Amino acid sequence: MSDTPQDNAAARESVSVAITGSGGAGVITAGEMLLAAAAHAGWHGIQTRSVGPQIRGGEAVSMVRLATFPVEAHDDAFHLLVAVDWRNFDRFAAEVLLAQGGLVIMDKAAGDVPPPLKERAGKILSLPLSKAAKEAGSRVNMVALGCIAALLGIPESSLEHAARRRFAAKGEKLVEASLAGLRAGRDLTMQEDLADHIANLRLDRPEKPDKPRWIVSGNQMAGLGAVHAGVRFVAAYPITPASDLLEWMTPVLSAEGGMLVQAEDELASINMIIGSSFGGVPSMTATSGPGLALMMEGLGLAVSAEIPVVVVNVQRGGPSTGIPTKSEQTDLNIALCGMHGEAPHLVLAPLSAADCLFTTAWAVELAEALQAPAIVLSDQKIAQMKAISDPLPLPAVKVARKVSEACAPHAYKRYALTEDGVSPMALPGTPGCMYTADGLEHGENAVPSSRAEDHAAMLEKRARKLRNHDYGPAWAEVNGEGEIAVICWGSTAGPVHEAARVLAREGISIRTVSMRLLSPLPIEALEETLAGVKTLIVAENSHSGQFLHYLRAWCDLPQEVISLKHAGPRPITAPEVRRAVIDAIGGGRMQESNIALKEAPVS
Amino acid sequence: MSDTPQDNAAARESVSVAITGSGGAGVITAGEMLLAAAAHAGWHGIQTRSVGPQIRGGEAVSMVRLATFPVEAHDDAFHLLVAVDWRNFDRFAAEVLLAQGGLVIMDKAAGDVPPPLKERAGKILSLPLSKAAKEAGSRVNMVALGCIAALLGIPESSLEHAARRRFAAKGEKLVEASLAGLRAGRDLTMQEDLADHIANLRLDRPEKPDKPRWIVSGNQMAGLGAVHAGVRFVAAYPITPASDLLEWMTPVLSAEGGMLVQAEDELASINMIIGSSFGGVPSMTATSGPGLALMMEGLGLAVSAEIPVVVVNVQRGGPSTGIPTKSEQTDLNIALCGMHGEAPHLVLAPLSAADCLFTTAWAVELAEALQAPAIVLSDQKIAQMKAISDPLPLPAVKVARKVSEACAPHAYKRYALTEDGVSPMALPGTPGCMYTADGLEHGENAVPSSRAEDHAAMLEKRARKLRNHDYGPAWAEVNGEGEIAVICWGSTAGPVHEAARVLAREGISIRTVSMRLLSPLPIEALEETLAGVKTLIVAENSHSGQFLHYLRAWCDLPQEVISLKHAGPRPITAPEVRRAVIDAIGGGRMQESNIALKEAPVS
Amino acid sequence: MNEAMRKPNDFKSGVKPIWCPGCGDYGVLSALTKAFARLNCAPEKIAVVSGIGCAARIPAYVNAYGLHGLHGRALPAAAGLKLARPELTVIAAGGDGDIYSIGGNHFIHACRRNVDMTLIVMDNRIYGMTKGQPSPTTEPDYPTHLYPAGTHVQPLDGMSLALVAGANFVARAFTGDPNDLAEIIVEAIRHPGFSVIEVLSPCVTFRPEEREWKHQIARHALTPAGSVAEALAAVASAPELSTGIVWKGNRPPYTGPGDQAGKRVQDVLDSFVA
Amino acid sequence: MNEAMRKPNDFKSGVKPIWCPGCGDYGVLSALTKAFARLNCAPEKIAVVSGIGCAARIPAYVNAYGLHGLHGRALPAAAGLKLARPELTVIAAGGDGDIYSIGGNHFIHACRRNVDMTLIVMDNRIYGMTKGQPSPTTEPDYPTHLYPAGTHVQPLDGMSLALVAGANFVARAFTGDPNDLAEIIVEAIRHPGFSVIEVLSPCVTFRPEEREWKHQIARHALTPAGSVAEALAAVASAPELSTGIVWKGNRPPYTGPGDQAGKRVQDVLDSFVA
Ligand SMILES: Cc1ncc(C[n+]2csc(CCOP(=O)(O)OP(=O)(O)O)c2C)c(N)n1
Ligand SMILES: Cc1ncc(C[n+]2csc(CCOP(=O)(O)OP(=O)(O)O)c2C)c(N)n1
Ligand code: SF4
Ligand code: SF4
Ligand SMILES: [Mg+2]
Ligand SMILES: [Mg+2]
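The listed protein sequences derive, respectively, from chains A, B, C and D. Residue numbering for the first sequence is 6 to 608, as defined by the working numbering. Residue numbering for the second sequence is 6 to 608, as defined by the working numbering. Residue numbering for the third sequence is 113 to 386, as defined by the working numbering. Residue numbering for the fourth sequence is 113 to 386, as defined by the working numbering.
Excised from the complex, chain A in its bound form (with noise of 0.2 Å):
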C-alpha cells in the first residue's frame, strides 16, 4: 500500500480484484464464488457489490479482496480489474479505482476502454471471453472467473468446490458447464505472456486454518446474533439495505418458536414490537434510515414507558430516499437525537460484519436489561458485505429483564425510583401487578401525572439508568499506543484497523479506538484511553462530521484534531486513514483551538 495507489508490490500480502459488467453478465456470482473458492483454500477476504439503478438487468460490479491476513475493508485501489463489457462503467468509476499499473482484462467484444483507465493500466488484456463461454457451453462470468483464478493462483480444487457448492441444486449439468467455462478461462489466462503480472497478482500461501471457514454477511450476522440473544418477535416493513436480514429471520424464527411479522409500515412494526416487549418477549425490528424517521415516535414511546426493543439500522446514503444501495454513516445525529423530549436511549454499531454478531446480542441484553429501547447502526457496506471469518462463537451474553413478582393489589410500583434506575417490571399474567404503561409522564405507580417532581424524578431515574449501568470493556475495540490516535465508530473500524496495522509495519504506532457503544457515551473510559493523546483523526463516513460533533459536544478532546470525514458511495479507506497519520506525524499542522478544524485531504 503506497501513497498514490499503485501496483508494485513483489509476493503479494493482499490483492483486489473488480468484475464488472451489465445485468445478466453474472459478474455477482462470479466474485462470490471468487470469494468462496479462496475462503476454502484458506485466505481471507471480503467481497462487496456496487450495482446500477436498474432493478434487473442493469449493470454492476462485483469487488473482491483476498489476503492471507484478516481482512474487513477494502484497499483503496484494485489490482485486476476484469471487464465483462463496459456498459455505464463510468458510474463506478469513483469506486473502483485501478492502482497505478494495474492489469485490466477485456472481453473482446467490449469496445473501447474508457479513457481514465487506459491511462492507469500496466496492461490491457482483449481476451475473446464470450466467445470462449459459448465454446464451453457455458456462461461468461465462469470464464472471467477462470481467469482470474489463474492469475491469483487459486486453487482448482478450491474453485471446483465453490462451483459445486453454488450449483449443485441445480444440477450436475449446470456444475459441468461451469466447470467447463472456468477451465476454458484458465486456459485463455496461460496463453498470454503475463509473467510479470502473474507474479504481481499471485498471493502468498495461506496458512491453512483449523476448521473451515466461514463466509458471512453482516445482515446474518445481525440476524443470528438477535435469535441467539432471545429474541422470539420481530416485526418490520421491507426496505433496502435490511430487507434480506429480515429475510433470513423469518425461518429461523419460525423454527425457534418465534416468529416475523409484515407490518404495513414502520409505525406499526416499532409499535407491534412494543406490545409484544411489553408482554415480556424479546423483540427486535429491521429498517434503514426512511424506515427509522417514522420509528423515532415510537421510540420515544419505549423510552418513556421504559420498554426494552431493539432497532437494527442498517444505514445507506440519505437524506431522504437517498442512496438506498449504498453506504454510509450519516444516521448517527438521528439515532442520537432524533427523539423529541428528553429520551435517553442506547446506540450500537457494529465493526465489522462478523461483529454484527455480538453487537446485536449485546443490543439485545442491554435493552432487556436497562428497559430502554437500543439501536443498532449498521451499514450497507458491513451489511451485505461478504466475509470471510473464522467460525464464530455464538456471543456469551446475559439477557435477562428486571421482572416482578406476583404482588398484593395496588402494591406494585411499576416505575419504582430505584437506586440504578430500573424498576422490575411486571409482565401481563402476573397476578396483582395490574398496571398501564404510558408514555405520558408518570408517577411511580404508572398513573399519568404533570407534576414538576414526578416529571424531574423520572427524567433523572430514565437517565441514570443508563449512566450509571457498567458496560465493560466492549463499549470500543482499543489498540495501540502512541501520541497520534484514530478514532471511529462501526464499520469505518475496518479501514481503520488495516491502516494501523499497516503502519505498524512501516514502524509507526498509533492508538485506535473504534466505537461500539455511542449512547450513552461513555466520557470517562473515553477520556481515560485517549489520555496523553496530541492529535485525534476522527474518521467517519459522513458529510458534516456528525461523529466528530458528538464528540465535541460532550468530551475534552486532545489539543489537536483532525477531521477525515467524506460521505457517500466511497467509504473511508484504509489508505486514507495512513496518509492523515503520515501528515499528521509531518507536523506544522498543530493548532491551539480545536475549532477550526481541520479537514484531512481525500481522495
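You may find that some hints are simply not true.
Stated by the list, open to error - Simulated crosslink set (BS3-like; lysine-lysine; CA at most 27 Å straight-line):
1) A:K418 - C:K157
2) D:K243 - C:K375
3) C:K157 - C:K360
4) D:K119 - B:K418
5) A:K136 - A:K175
6) C:K128 - A:K466
7) D:K128 - B:K418
Unchecked claim - To be clear about the criterion: a stretch of chain D counts as covered by chain A if any three or more of its residues have a C-beta under 8 Å from a C-beta of chain A, and this derived list gives those stretches:
8) 127-133
9) 256-270
What the hints assert, rightly or not - Reference excerpt, derived from the structure (chain A facing chain D, CB under 8 Å, subset only):
10) P58
11) Q59
12) I60
13) R61
14) G62
15) T245
16) L251
17) E252
18) T255
19) P256
Honestly, the hints are just simulated from the structure, not real lab data. The model shown is predicted, which means the values in this text are computed figures rather than measured ones. In this text, a Cβ means the ideal position worked out from N, Cα and C, and glycines have one as well.
Fit chains B, C and D with the ligands to the supplied structure of chain A, relying on the hints for placement.
Same frame as chain A, but now just chains B, C and D with the ligands:
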C-alpha cells in the same frame, strides 16, 4: 426581587398574582380580565395558566404578573394568591410559590390552607367570596377579581372596560352581573384592615401609552406572522398546544384566499404542504413533539428535493406524550438532528409571545429564499401566554422564492450548482421546465444518480446555501457588556432579559445573548459576540442541557461554562438567572476545562 | 380471588378518570368491566391497549394490564402483544380520531390480518382531548373552532370499512345502554378473530347535543347478516344511530405466519461454512 | 407547441426507465402519455406525483412536472398540490405496496376527501423495488423469500375500499391493453373528484407467472353500477382479473374548506386591542 423570594418591596414596579380554583370557578377568565384591565390602564404584564389533567371541570391556576415596564416572564414568586377553593392545589404547588410574607385570600368555604402556604404567608384572609357572589347575582371569580383589582389599584373604569369587552356579546345582563360581582369584591376588601398589604401590592402608576395596547398570545402572533409573510396553504393535524394556532389561522386564511386543511395525520400534513409548496404556494404546518417526530421523514424530503416549508413546533413536556399542557425546551435535539442522512435545514426560535410574529415571518422568508425547510421552535409558555404589548408593526420581511422563467426543452436544471447553492425553481405551469423533484439523490438535471460525485456536489450545495446566506443581525438579541454572559434561546430570553435589567440596577453589567437562529448555527457571529467573556451561563429549560451540548459541539466556548437548566413545568426564572450570575461573580469557581460543567443550583 | 365470584368492580382500578362529568366513556368503562365479570376473566390475563385521546385513557381505569401508547397506534401494539402472548385477552380501545383518522391504516390492516382481539371505537364525532376539532366521523357542516363553517368532508363509515377490510365481527352499540354494550363486548371477545365494536359515546363538553342520542338510538336495528354484502347493505340502509351486531364471520384468526421451513440457530450455523 | 398536434411522444421525458425489460409499468407509461395526448393537455399544466417503488418511478419518465416523494405519501402531496394549484391536472401514481400498505390511511382519506385528481395504482401483487416481499395484494399462500410458506393473510381489496371510502370514480384496467387503459385514464381525469384506477401490471422479475395475465383478463367485466352497493356487489362477483369502470359518482369535489367567515390580516389586527 431578592434571593429568597419574599414580599418586602415598597412601591411596586411589578406584582404577581395567582388565582386558583377548580373547574367552572372561572379563574382563567378572572386572570384574563385582570390582564385586560391592566392593559387598558397602561400597565404591562402577562398571564399564563396551569390546568390539571381533567378535560373540563378540573382545577386551574391563572398566573398574572403586572408591571410598569414590559415583561416577558413571571417572577419566581407570587405576592398575592387568591383561592376560590383548594382542590388539588398540591398539583400546582411547585409552580405557584408564594413570596415569603405574601398575602393569601381565600373563600371562607374553601377549607384548610395547604401547610407550606401557611408557613410562607404574611397574612391569610378568609373572605365570603362565594357568598358575596351569590348575593350580588354574580360569580365567585368576579368577586375575587374585584378584590384583586382593589388591592392592586386597577382603576374601576378599566375593570369595567374589560368586563364589557368580555361579556358584551353575551348580553347586557351578564355584563351587569359581572360588574356587580366586581363591586362586591372591591367592597369585601375595603372592609378589611389591609393597609400594609395594599401599600405593598399597589402598583406604581404606568405611563399612559400613545396607542391602546394589544394583548397577544404566541400562537396568534405565529399565525399572524405566517399569513403576513405570505403563507396561503396550511395542512395540519390538531395537537396541544398548537391547535389554537391552527384555529386562529383558518378564518384568516380563508379571507386571504388561502386555506387550512385538517389532514388525517401528521404524515399527511407535512406531505400536503410539500405538495403545495412544490406548486409555488408558501406553506406551513404547526404541531408539537409527537407530531414533529412523525414529520421528520417529510422534512428530509423537503431538504433533498429543496422544497421550502415551515413547521411551527410548539414544544411541550416530553419525551413521548409527556406533559402535553406544560412547556419545555427539549425538542431542540430532534429539530436540529432528527433527520436521517445529512440534512441541513433551518431552525429558529421566537424569544417571546410578541416575537412569534417576527420570527415566524422570518422563517417563511428564509425557507422561501433558501428552498429549505424551517422549523420554528415555539413553546407552550409563550404560545399560550397572554402578553400585553405595544401594537406590533407587521415585520418587513421580503418573501421571494428564486423561480425559473420558461425555458427551452431539456435545458432546465432544477438543481443547478449555483454559487450560492440556491437554484431557480420552476413552478408547475412554467413552459419548458418540466422536471421531477426527487428525494433520491440526483444530478443537476434532477435525474436520480447514485454517483459519488453527484452526491458530494449536492451535499455540499445543500449545506452551502444555508452556510453562506447573510442572516443579518436578527440571529440573536444581544445586549450589555461584561465578562459574564448569559446565553439562551427561545422563550428563556424573557427571564434572562429581566435578570439583566435587575442586575443592571444593582450595578452589575452582563452580556446577554438570546438566540433566534439556531441552525445553521452562526458560529462566527456567536464567537465574536462572546469574545472577552470569561464565564458563560447557558440557560435552558431542559434536563440534559441540549443547548449547551449543541454549542459545545460547534463553538469554542469561554473558559468557564455554567449550565443553568431544569426541565419540565417550571421554566427558568429571572431570579434563578440573577442568582447564577451573582454566584459566578462570587468566583472561586473558575475552572480550566469546560468539560466538568458546573450545574447552577436550581431551586 | 374466587373465580366464581368476580364482579364488575373487581375490574375497576380505582384511578379517577379525567373524563368530564357525563362523558359517554364512563358507560364504556362500566360495560367493559361488566363484560369481564361475565366472562370471569382473571384480571392479570387481560390487557387493554390504547392510543391517545379521552377514550384512549380507559386502560388505566381498568384493573388489568394496560398499555397507553401513541395516538393512532393502539392496534399494532395490541397485535404485537396478542401474537407474542396468545393466551391473553386483548382489547384495543380508542376514539374516532385515534382509530379512524391517524390510525386508519392500522385499522384496515388489522381487519385484514384478523388477529384474535377486540377493538372498541368510542365514537363521539369529535376530538375531545384536543378540545373540539372535527374527526373523520364529524358531520360536514358541523361548526367547530377550527372550521366555523364546517369541514365539507364526507364522514368516514367505520363499520363498512371494517366489513370490506375483513373484520370477523362487526357491531355498533351505545354507551347509554351499558348492559347491551357489555353483552356485545362479551360476544366480540368470544368470537375468534378481529372484532370491531363502534360505540356511540357522547362528548358532552364539545358536542352537548349528543346527549340527545339516548332518544335517537335505533336499538338492535342491526342484526347478524348472512354475508359481507348483506352486512354492508344493512349498514347502509339502517338508521344512522342503529346498534346491534351486523356481522359474525368465520375466518380463522391469524396467529403468525406459522412454520416457514426454517432451521434452529444451532442447525443453521453450517450454512455459513464456505 | 401546436396544441392541436400533441402526440403521446410529446409526453415522454426521454429519461431511461430503470424498469426490467418486460415490466408491466412500461404499458402504464405508454397509456398515460396517450391519455395526455388525447386530452391535449399542455405538459406544463400536468403534475405526476408519486411515492417510492418501481411503479412510483413513473413521474420522471413523463414530460410533465413531477414529484417523486416518499414511500406511501403520494396522495397527500398530490392533494396539497391540487388544492394549492387547482388549475393543474394532477395524477398520483404508485404500486400496491406504496398505496395500499404504507399509504393505506391516505388512500381511504383521499377517497373521502374527494379532491379532483386521479390515482393510478400499479398492482403487481409484490414489492418489486425491494426485491420480492409480499404486498397487501399478494395471495396468502404465495411463496417469497420473506415467507417461503406464504403470509397467510387475506389480500386487501383496493377497489371495494375505494368504493366504501367514497372515491368518485373507480375502475380496473390492464397494462397489456394500453389503449383501453388510456381511455379509462382519460375518463378518470375528466371525471370530477377523486378517481381511482387499479392497473394490473405484471412484475416479470419477481412474479414471472403474471405474464399469463394477458390470457386471463376478463375485459370490461366491470361496468358502471347504479349505486355504490351495486358497484361493491359487482366487484365481489366479477372474475378476479376483471377490468372496466365500475363506479362514476357525482359527489362534488373538495376544493378546500371554503369561506370560514374570517377577516383579512389588516382587519384582524383590531382584535388584539385590549
Ligand atoms: C402524533 C399525535 N398527534 C396528535 C396528537 C394530539 N391528540 C391527542 S388526542 C387527539 C384526538 C382525540 O380524538 P379522539 O381519538 O376522537 O378521542 P376523544 O378525545 O374524542 O375521545 C389528538 C389529535 C397526539 N397526541 N399525537
Ligand atoms: C419509509 C420507507 N419504508 C420502506 C421503503 C422501502 N421500499 C421502497 S419501495 C417499497 C415497496 C415497493 O412496492 P410497490 O409499492 O408495490 O411498488 P413496486 O416496486 O412493486 O412497483 C418499499 C417497501 C422506503 N423507501 N421507505
Ligand atoms: S371532552 Fe368530551 S370526550 Fe373528552 S372527557 Fe369530556 S365529554 Fe368525554
Ligand atoms: S422488479 Fe418487477 S415491478 Fe420492478 S421494474 Fe422489474 S418487473 Fe417491474
Ligand atoms: Mg372522539
Ligand atoms: Mg408492487
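Here is how each hint holds up against the structure:
1. A:K418 - C:K157: With Cα atoms ~19 Å apart, A:K418 and C:K157 stay inside 27 Å; holds.
2. D:K243 - C:K375: With Cα atoms ~23 Å apart, D:K243 and C:K375 stay inside 27 Å; holds.
3. C:K157 - C:K360: holds (25 Å)
4. D:K119 - B:K418: holds (25 Å)
5. A:K136 - A:K175: The given pair, whose Cα atoms are some 24 Å apart, holds under the 27 Å limit.
6. C:K128 - A:K466: holds (26 Å)
7. D:K128 - B:K418: Distance ~17 Å between D:K128 and B:K418 Cα, so the pair holds.
8. 127-133: n = 4 at 8 Å, threshold three: holds.
9. 256-270: holds (count 5)
10. P58: Hint holds; A:P58 Cβ to chain D Cβ min 5 Å, cut 8 Å.
11. Q59: holds (5 Å)
12. I60: holds (5 Å)
13. R61: Check passed: Cβ of A:R61 comes within 4 Å of chain D, closer than 8 Å.
14. G62: holds (6 Å)
15. T245: At about 6 Å, which falls below the 8 Å cut-off, the nearest Cβ of chain D leaves the hint on A:T245 intact, so it holds.
16. L251: holds (6 Å)
17. E252: holds (4 Å)
18. T255: With Cβ-Cβ at 6 Å, under 8 Å, it holds.
19. P256: holds (6 Å)
No hint from the list above goes unmet by this structure.
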